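> Chains as they are written, first to last, in the working numbering: chain A, 44 to 322; chain B, 3 to 185.
Simulated from the structure, these hints should not be mistaken for laboratory data. One or more hints might be untrue.
Claimed, not checked - With a Cα cut of at most 27 Å, we get these calculated DSS-like pairs of lysine-lysine:
| # | chain 1 | residue 1 | chain 2 | residue 2 |
| --- | --- | --- | --- | --- |
| 1 | B | LYS51 | B | LYS92 |
| 2 | B | LYS160 | A | LYS104 |
| 3 | A | LYS79 | B | LYS16 |
| 4 | A | LYS150 | B | LYS71 |
| 5 | B | LYS92 | A | LYS79 |
| 6 | A | LYS219 | A | LYS88 |
| 7 | B | LYS71 | A | LYS54 |
| 8 | A | LYS93 | B | LYS4 |
| 9 | A | LYS54 | A | LYS210 |
| 10 | A | LYS104 | B | LYS136 |
| 11 | B | LYS51 | A | LYS79 |
| 12 | A | LYS210 | B | LYS185 |
| 13 | B | LYS184 | A | LYS198 |
| 14 | A | LYS196 | A | LYS179 |
| 15 | B | LYS182 | A | LYS62 |
| 16 | B | LYS4 | A | LYS88 |
| 17 | B | LYS156 | A | LYS144 |
| 18 | B | LYS71 | A | LYS163 |
| 19 | B | LYS184 | A | LYS83 |
| 20 | B | LYS136 | A | LYS62 |
| 21 | B | LYS16 | B | LYS156 |
| 22 | A | LYS196 | A | LYS272 |
| 23 | B | LYS71 | A | LYS198 |
| 24 | A | LYS93 | B | LYS185 |
| 25 | B | LYS182 | A | LYS83 |
| 26 | B | LYS71 | A | LYS93 |
| 27 | A | LYS79 | B | LYS4 |
As the list claims (entries may be wrong) - From chain B, some residues computed to sit far from chain A (all C-beta separations above 10 Å):
| # | residue |
| --- | --- |
| 28 | ASP147 |
| 29 | TYR158 |
| 30 | GLU179 |
Owing to the predicted nature of the structure, the values given are computational and were not obtained by experimental measurement. Note that beta-carbon positions come from the ideal geometry of N, C-alpha and C, so glycine has one too.
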Amino acid sequence: MRKIRVEEITKEVRKMCIKANCDLSEDVLKQIENFKENEKSPIGKDILEKILLNADIASEKQVPICQDTGMAVFFVEIGDKVNIEGNIKKAINEGVRQGYKDGFLRKSVVKDPLIRDNTKDNTPAIIHYDFVEGDKITIYFAPKGFGSENMGKLKMLKPSDGIDGVKDFVLDTVNKAGPNACPPLVVGVGIGGTMEKACLLAKKALFRDLNSYNEKKHIKDLEHELLLKINDLGIGPQGLGGRTTALKVNVETFPTHIAGLPVAVNLNCHVARHLTVEI
Amino acid sequence: MKEININTPLTLDKVENLKAGDRVYITGTLYTARDAAHKRLVESIKEGKELPFDVKNSIIYYVGPSPSKPGEVIGSAGPTTSYRMDDYTKDLLNLGLKGMIGKGKRSLDVVKSIVENKAVYFAAIGGAAALISKSIKSSEVIAYDDLATEAIRKLYVKDFPAVVVVDSEGNNLYNIEVQKYKK
Chain A
44 MRKIRVEEIT KEVRKMCIKA NCDLSEDVLK QIENFKENEK SPIGKDILEK
94 ILLNADIASE KQVPICQDTG MAVFFVEIGD KVNIEGNIKK AINEGVRQGY
144 KDGFLRKSVV KDPLIRDNTK DNTPAIIHYD FVEGDKITIY FAPKGFGSEN
194 MGKLKMLKPS DGIDGVKDFV LDTVNKAGPN ACPPLVVGVG IGGTMEKACL
244 LAKKALFRDL NSYNEKKHIK DLEHELLLKI NDLGIGPQGL GGRTTALKVN
294 VETFPTHIAG LPVAVNLNCH VARHLTVEI
Chain B
3 MKEININTPL TLDKVENLKA GDRVYITGTL YTARDAAHKR LVESIKEGKE
53 LPFDVKNSII YYVGPSPSKP GEVIGSAGPT TSYRMDDYTK DLLNLGLKGM
103 IGKGKRSLDV VKSIVENKAV YFAAIGGAAA LISKSIKSSE VIAYDDLATE
153 AIRKLYVKDF PAVVVVDSEG NNLYNIEVQK YKK
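Here chain A stands alone, though its shape is the one from the complex (with noise of 0.2 Å):
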């Protein structure tokens, strides 16, 4: 058994916190420029060129891409070869605490949804656990913001909808979304399992990197032929037209029950923060 301390992770957090929200990562960046080229709305490729504008200057100074830096979520992966020596709950929310005070990050959580008094430190995070072989705890995290997480959708649709039912129903969501969940998107679609895994799916497939396809061929396609329809939607940077309305769509399945056909659509801004960290 390799033994992990506590206090190594919620460095490790910490750290994460910081990073994510203050460096646009590499994959959507480029995706955002090769995007730009091609966008013939003079609307849409000025904001583009801004998007840009503001991700180096957000880095360079080692301020928020966006004021909203989210709630932490979290997807946490341990080995069975693995001891912590501690309480891995704490030890993230603690570095949570520690990253959004130091990185003058903003604090978004309220303590009750309907008494809605501020945490203060942005905890709780949101902490999904999941075991697998090794001698490693991998760590992925992504701040999510709520300007895009409140047009997330879920659709327990029947089995007879089939696919064409899936691609209606993902098409709806971002069309409703429109400007609103700050386009371009990255679309993230679970397929499969109960409600709630349907919508664990969606959000991990948030998670993946924008230059990733589902290993599976049909979904592969999936992903490729959604991201073409949804650019067709002509909704563009901001919501202000063009044919940038998405940046990447990811899909993720799971088995599910002879009865059902779950679909949930996690949406993310352009920003599309993720970041993964092995201890």
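Once you have looked at the hints, place chain B on chain A.
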């Protein structure tokens, strides 16, 4: 696209000159308010209490900035999504609010009220928060300090960049532009 420099206060003559699609650079005073501040403002209006700033001919910027680093005027400060303020907007427009800066769609009710009250809705680029902050020259919390990022701030801005999305005649840039690129 026409480029227009405007100075606050945003008086009726300036509003009527703005058309959907115009690019504007705003210089002067903006007041920040988002969800929680709007709730309090409208509660105050209903209770007949005085508001923390004169709404007449003013512009509200929907933003909750990130904390400022030492030596900086403000942190990153891009627009938040506007529809969450829709339920409160009519009451403020009826008091003479002339401009709103945010991002995203407004309800039909709000657009109707914009036309009736001769006001204008601007969009700034969501997620371009570090860039936008460069046009903010001073920032002072003037009300609801306990709301932290959601407090009302009086900002002095120079050449704050925005686009007219809904003008005083109800033209809507979102509808006009998307149609051009839809296949």
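> Find the hints from earlier in the document that the structure breaks and name them by number, from lowest to highest.
Checked against the structure, the hints that fail are numbers 3, 5, 9, 11, 14, 15, 23 and 30, while the rest are satisfied.
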